[in-house]
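Asks: Residue numbers (my numbering): 1 to 194.
Treat the hints loosely; a few may be bogus.
In the PhoX-like style, the derived pairs of lysine-lysine whose C-alpha atoms are separated by at most 25 Å in a straight line are [said to hold, decoys possible]:
| no. | residue 1 | residue 2 |
| --- | --- | --- |
| 1 | 79 | 155 |
| 2 | 79 | 146 |
| 3 | 188 | 79 |
| 4 | 188 | 87 |
I should point out that these hints are in silico values taken from the structure, not numbers from a laboratory.
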Amino acid sequence: MSTPRVSRVLVRVARGRMGALSGKHYTQSHFAGGSWGARVQDGGVKGVGGLGRELARCARRVGQVRGYAGEHERGPSRKYSFTDIQKLSSSPQPRTHIIDVRTPLEVQQTGRIPTSLNISITTHPDAFSISEEEFEDRFGFERPAKGDACVFYCKAGVRSRAAAEIARGNGWERVGEFEGSWIEWSEKGGQVEK
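Produce the complete structure using the sequences and hints provided.
Replies: Written out as structure tokens, the structure is:
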């Protein structure tokens, strides 16, 4: 049996995004064969625009992420709206963290949501599985505690969903996603911290 080129986390993200965009339901078998890698690599997944290229970029950087039995038992991530994120960034809560999972270069070019922490999932996919000491050495700040709420965002919502799955798989239970991510934040005129 061949190993899928794309991690299971990214497959779940793709399945959810593609189903929402095309109205179809995609199964694991759509992604497991040798053809999925090619379809993702060339961005040729029909009906999803640049999603194929985005997934290909993430897949090359993230690598294989193991799925565990019971992963789905924890339920879906809480969804945050633009207004929710505006409130969180203007009145930070001590045990709630807004986490930007874009690359440092993306953050440098566009800025970030005020009070957010940058933990790039593409350059550091192991951020939620390494020791606390190693995390602090790598990022320069303490990793959010497992009991804290973590709200993830990226550019378009794909990597943030993958990051939420990775965090949940490593024991974080209060996980959320700002699905509109940076695109919605900038389009609606959200405050930007450079």
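Asks: Given the hint that residue 79 pairs with residue 155, does the C-alpha gap stay at or below 25 Å?
Replies: OK: residue 79 and residue 155 at ~16 Å, within 25 Å.
Asks: With the threshold set at 25 Å, check whether the alpha-carbon distance from residue 79 to residue 146 stays at or below it.
Replies: holds (19 Å)
Asks: Given the hint that residue 188 pairs with residue 87, test it: the Cα-Cα distance must not exceed 25 Å.
Replies: holds (14 Å)
Asks: Within a Cα-Cα threshold of 25 Å, do residue 188 and residue 79 meet the stated pairing?
Replies: holds (18 Å)
When the structure is compared with the earlier hints, no violation turns up for any of them.
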